[in-house]
Amino acid sequence: AYGEQNDYFDDANCIGWVRSGAENQSPIAVLISNDQENSKSMFVGQEWANQTFVDLLENHQGQVTIDEEGYGEFPVSSSSVSVWAAK
Numbered sequence: 012a013y014g015e016q017n018d019y020f021d022d023a024n025c026i027g028w029v030r031s032g033a034e035n036q037s038p039i040a041v042l043i044s045n046d047q048e049n050s051k052s053m054f055v056g057q058e059w060a061n062q063t064f065v066d067l068l069e070n071h072q073g074q075v076t077i078d079e080e081g082y083g084e085f086p087v088s089s090s091s092v093s094v095w096a097a098k
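Quick note on numbering: my numbering labels position 11 of the sequence shown as 22, and the sequence is numbered without any gaps.
No lab work stands behind these hints, which were simulated from the structure alone.
Even glycine gets a Cβ: it sits at the ideal position worked out from N, Cα and C.
Worth double-checking, as some hints may not be accurate.
Between beta-carbon pairs, the in silico distance windows are [what the hints assert, rightly or not]:
1. Ala23 <-> Thr63: 28 to 34 angstroms
2. Ser90 <-> Gln57: 29 to 35 angstroms
3. Asn35 <-> Gln74: 17 to 23 angstroms
4. Asp46 <-> Glu15: 26 to 32 angstroms
5. Asn45 <-> Asp78: 24 to 30 angstroms
6. Ser90 <-> Glu58: 29 to 35 angstroms
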């Protein structure tokens with residue numbers, strides 16, 4: 012993983028972080044849950060607006076579309092990990 016890391020450690024049972032990527036590389040958004048299914052709104056950058064992200068580990072079948080402000084609502088299944096990157 013490349014780029015600056017921003018942590019989302021606001022929940023004891025679900026944590027996440029975003030690595031911003033490097034030139035011509037997608038950022039990644041990682042979520043880990045040791046409890047129930049959950050999600051977090053995380054910032055990947057306005058330059059990724061309207062891009063679709065998928066779970067590279069295929070632990071979550073959904074897709075995430077980044078909003079105009081550069082945020083996505085990234086889900087994670089119960090007791091699982093997901094690594095989201097641009098499709």
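Right, here's what the structure says about each hint:
The hint said 28 to 34 angstroms for the Cβ distance between Ala23 and Thr63, and at roughly 30 angstroms that hint holds. About 33 angstroms separates the C-beta atoms of Ser90 and Gln57, a value consistent with the hinted range of 29 to 35 angstroms. Taking 17 to 23 angstroms as the suggested C-beta distance range, the pair Asn35 and Gln74 conforms, at roughly 22 angstroms. The beta-carbon spacing between Asp46 and Glu15, approximately 28 angstroms, falls within the hinted interval of 26 to 32 angstroms.
Under the hint 24 to 30 angstroms, the C-beta atoms of Asn45 and Asp78, about 28 angstroms apart, fit the expected range. Between Ser90 and Glu58 the C-beta distance comes to about 33 angstroms, which sits within the given range of 29 to 35 angstroms.
In this structure, none of the earlier numbered hints is contradicted; all agree with it.
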